[in-house]
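There are 2 protein chains.
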Amino acid sequence: MQLNNVTLGIAEWRDLIRRVEIGEVREPLVNIDDSDAAPWDAIFVGGGAAGRFGAAYLKAMGGRPLVVDRWPFLGGSCPHQACVPHHLFSEAARELDYMRWNSGTLWFPKFDDSTASILDLISLFRSGRAAAHAFMNWQTKEQLGVEYVLNAEATVIDCHTVNVADGSYTARNLVLATGAQTAHPRIPGIRKRGVFDFASLIEDLDYEPTKCVIVGGSKVAMEYGSFFQATGCQTTILSRSPLMRGTSLHHVDEDLRIFVVSGMRARGLTVHEDSATLEILGDEHVEGVRARLADGAEIVLDTDFVLLATGELPATAELVRTLGIELDEHGFVEVDTQMRTSVAGVYAVGDLIGSPLEMFKARKCGMTAARNIMGEPYTLDLSQYPDFLHTTYEVTWVGLTEQEAREKYGEIIVIQMPPNGLDQPIPLPLAEGSMLYAFTRPEITGYQKAVFDARSRRLVGAHHVGFGAKDAFQYLDHLIKRGITIDELGEMNELFLNPEHFIQLSRLRAGQHALHDL
Amino acid sequence: MQLNNVTLGIAEWRDLIRRVEIGEVREPLVNIDDSDAAPWDAIFVGGGAAGRFGAAYLKAMGGRPLVVDRWPFLGGSCPHQACVPHHLFSEAARELDYMRWNSGTLWFPKFDDSTASILDLISLFRSGRAAAHAFMNWQTKEQLGVEYVLNAEATVIDCHTVNVADGSYTARNLVLATGAQTAHPRIPGIRKRGVFDFASLIEDLDYEPTKCVIVGGSKVAMEYGSFFQATGCQTTILSRSPLMRGTSLHHVDEDLRIFVVSGMRARGLTVHEDSATLEILGDEHVEGVRARLADGAEIVLDTDFVLLATGELPATAELVRTLGIELDEHGFVEVDTQMRTSVAGVYAVGDLIGSPLEMFKARKCGMTAARNIMGEPYTLDLSQYPDFLHTTYEVTWVGLTEQEAREKYGEIIVIQMPPNGLDQPIPLPLAEGSMLYAFTRPEITGYQKAVFDARSRRLVGAHHVGFGAKDAFQYLDHLIKRGITIDELGEMNELFLNPEHFIQLSRLRAGQHALHDL
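As you go down the protein sequences, you meet chains A and B in turn. Taking our numbering, the leading residue of the first sequence gets -4, the next gets one more, and so forth. Taking our numbering, the leading residue of the second sequence gets -4, the next gets one more, and so forth.
One chain only, chain A, in its complex shape (with noise of 0.2 Å):
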C-alpha cells in the first residue's frame, strides 16, 4: 500500500492499523517517494526510539534515510507495550495508594479494592494504544519527512541491503535497531499458562489476577508490583540482590533506597531480596512459585499469576550470523561512541547496545548514528546520566550518592529533607500531590537529599523520592555536569512550593563561607 502521496490524518492512521491488527490488511505500508533519486544514506533496521530519532536527525540533517519496521507502526514498545502501560500503571498506582490512604475522609468514599481491576486497564490500554502508534506515523512521516516501509519483515542481506517485502533496499549505511525482550530465566515451570513478561501480559491476559510473585528485581518488578499490590492483588517480589543494588541501577543513594522500599513494605508488597526462585508449580496454569530465602529456607507462594522482571535480552542471532558483528559478554551488539559496531558501515542503537534500557540512550543513539552517517564526528558518552523508577512513587537520582561522593570528594555537605534531628516528620510536603499527606500522615509526603562538594561547592548528586521532580532532573543532570554550584542554586527563582527544595535550601547555607549540612 504505497502512502506517500496521501496525507492520513490520526484517526485515519489509526484505522488502517486496527485493519492490520484484526488481519484485513496484510501488505506493506510504503511511505517512499519513488520521485525522489536520491540514494539512500541509512537504512534503519527498526523503527523505534532509537530508530526513528536517528533517522529523523539524519533527515534533519539533510539525509535521506529508510525506516523498517515489521510492526504496522513506529515507536517500537515504548507505545505498544512497554514505558507507555507502565506509566498507565504507574499513574493508577499513585492514585490508587493516595485514595486507600484518604480513604473515609473528606470527599474521598470508603475504599473498595475489588473495584480495582489489572485486567481493565490493561484493556483500556490495548483497545487505545493505536491511537498513540498512528500520530507516531503521522508525525514521522508529515512533521518529520522520513520515508519508511511498516508492517514488513526486513531481512538484512548484508552491510548494505536490506529486503522488505518484495523490494531491496541498498544504502551507504545499516543501522541496526531491533531491541530487546525479557530474557526469561532457566526456572523448571516457566512455560506455564499464567506466566507473562511485560510484552506478554499486555498481549495475552485473560482473567484477573487474585495474587502475584515477580520473578526478578529489575525496574519493572518494583514498577509493576507496586501497581499490582495497589490494586489489591497481593504480590511477592522475588529478588536476586536487594532492590535497587543491582548492577543495572547506577548511583542509588541509601537513604533513597530505604525510603522506597520501606514504603513499598508498607503498603503490604512482600519483598524477599537476596532470594532464589526455583520452580513455578502448577498442571498447564501457574498455582505457585518455589522459592529460597535468604536464610536458605524453602518457601512456597500460592499464586495464580507470574511476572518476569529479569531484564532484557537483544535478539542478535541473525544479525550475527548474516554480518559477523561482534557481541559484548552479556549478548549485546558491541559499539564504539559513535554506535559504529564492528563491521564497516554498520551501526548499532538502542536496546540492540545493552544498558540503560531507557527512552534517552535510545533516541541519543540514534542521533550519534545519524551524525556520524552524515559525516559530522559526534561521541555519545553515557557514563552520567539521571534515572528514575515508579514504585508508588516517582524516585529520580542524578550524580552521586552521598556515599560516592564522600569517597571522591572527602568533605561534602548534604542538605535533605526531611532534616535530621527531628522529633516528628514536618509536615511540609516533599513532592508534587502530596499536600493532603502533610496534613494527615506527613511521613509519607517523600524525600529529598542534595550533595555538594564541600571544597568547590558544586552541587554533585540530587536524589527525589516523590512526584514532580522528574522533569527538573533532566536539567540537573545538565546543570551538575556543568559545575553547577550552591551559590547559583542559591540565586535561582524557585516556584514554590516546589517539589524539590534544593533551590531555597541552597540559599540557606550559600551565604557561608565554609559549608555545612543542613
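Worth flagging that the hints you see were computed from the coordinates, not collected in a lab. Treat each hint with caution, since some may be false.
Calculated cross-link-like contacts (lysine to any residue; reagent style SDA-like; alpha-carbon spacing at most 25 Å) [claimed, not checked]:
1) B:K105 x A:L119
2) A:K476 x B:D512
3) A:K476 x B:G478
4) B:K105 x A:S118
5) A:K206 x B:F103
6) A:K136 x B:V409
7) B:K105 x A:T110
8) B:K136 x A:D482
9) A:K105 x B:G99
10) B:K105 x A:D482
11) A:K476 x A:G416
12) A:K105 x B:E203
13) B:K476 x A:S451
14) A:K105 x B:E371
15) A:K105 x B:F103
16) B:K476 x A:L273
17) A:K105 x B:W96
18) A:K136 x B:I408
19) B:K206 x A:F103
20) B:K136 x A:V409
21) B:K136 x A:A509
22) A:K105 x B:L119
23) B:K136 x B:L(-2)
24) B:K105 x A:L417
25) B:K136 x A:Q507
26) A:K136 x B:D418
27) A:K136 x B:K136
28) B:K136 x A:P414
29) B:K136 x A:L101
30) B:K206 x A:L101
31) B:K105 x A:S122
32) A:K105 x B:P104
33) B:K105 x A:Q398
34) B:K105 x A:G123
35) A:K136 x B:L417
36) A:K476 x B:R477
37) A:K105 x B:S112
38) B:K136 x A:L417
Once you've looked at the hints, dock chain B against the given chain A.
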C-alpha cells in the same frame, strides 16, 4: 518566655504555639543569646519569607540578625494563610477534577460532589498549620542559628531602633518586611458577612458556601475559584480585565491563556471578563452581587459567599510616619536594586516593595539586603522570572511569549504539543498524571510550547499547562538566561515520559541548519 537555652522539638513548639492561640500564653517568645555581646547588624521587622531568609543569610555570612514578628511563629502568611492553603486547595481541585472526569469508570465511584466541602478542607488546614509553624521556629533556631522575638508587636522608633515588648533593640540597619494584605476595593456592601479575602477565609469561614462570586481576576481568583468550582460550589469570576492579561502577570502566551481559561469554563466556572462589580447585596450577610458585564448589561448574581481577589497592598502608613520612607505610585515601598529605601540604613523586602508577590522574590530580596548590609554589594534583577498559577491544572511559563519573541527576534520557531494541523487530539499525555486522560479524553491532558530565536537557536520562552513541569521551569529560567540553544537541549538526557517534551522535540529539529516549527 526565654527559649534560647532550651531546644524545643516540633511537638513542643506546636503545643506552645497552640497555647498562644488559645490565649494561655501571652508573653513574647524570646530566642536571644544574652551572653552574646556582639551588636546587631540588622533587625528584621517581620519574620515571613523575606525577613526569615534575609536573617538566615546574614547569619550565614557571620553577622548577627534579630527577627521580630507579632505572630508566635516565623514564616509569615505563607504557611498560615497563603501559599500552603492555596496548594492544599489546588491539590484538591486537581484531584476532584480527576475523580469527576473518571467518575463511574475503572475503580472510580460515581462522583458525589455533596461530599466535597470547602469548609472541611479549611478546617483541616486550620487544625494542622501549627505544625508548619513549629518547623519554621525549630529550623530557624536550631539549624540556622537566628535569634528572634515572636508573639510581640514591634514599634519602629527610628532607623536604628525597634521596641519589642519590654525591650528596645538597636542595630546598624533595619530591614522592613511587614508584608501586604488584600486590597479592599471601594464597593458598596463590601463589609457584609460572607465577604472574605484569602486571609479571612482561613480564619473566619464557618459555613459551607453553596454559590460563590469572586471579585477580581488575580491568581487568587483563578486558583481559589477553580477549587470552589471543583467542590461543586458554582463559582463566577468578575474580572475587570481578561484573565491572565492583567498588569501583574508578564509574558502570558495567548495559546496558553486560551487553553487555561477555556479549561476553566469547560469545568463549569463562569468567567465575566471586562466586567465591573457594582455592589454587594444582602442584609447582614451577603445574598448577591450586582455587576455590569462587558456588553453593558447589569446582572445580579445570587450568592452566599464572596471572595475578594483584587490584589494586595502594603500597610505602610506607620513606616512613612515614623521613618519618612518614600512610596511608589501604588503605595509600595520604593527600593533600589540593593533593597535600600530612601532612608539610609533602612532596607525593605518582600511584599512590602510590590510585585511579583512571589516566594522567590521575598526570599531573594531578603538575601539581597543581607549581602549589602554585610558589605557585599549585590543587586537583585527582577526583570525576568518564571511564573505559575493553578486552576485544576498547574500552569507555568518563563521567558517570552510567541508573540513577544516574534516582535523581538523577527524569525522564530515554535515547537509545541499538541502540534498544529491534527485532525484529532493526540493520545500522548502532555503533563504528569494525565495518562488516564490520554486514553479517555486526550484533549485535556495539557499544553506545551517552546519558542526559539531561529538565528541564534536560543530558547527564549517556554510555556506549559498540566502538572509536573513547575520544578523544571526553575532551571529552564536559569538556562534561558544563560542562552541555552536548541542544540544543547537536544543533547540533554530526557526522563521519558517527561511532563514537557522540550528536550526530545528539540532533538527532532536540532539537526536542521535552518530551523522549522514542529
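What are the numbers of the hints that this structure violates, sorted from low to high? 2, 10, 11, 14, 16, 24, 27, 29, 33
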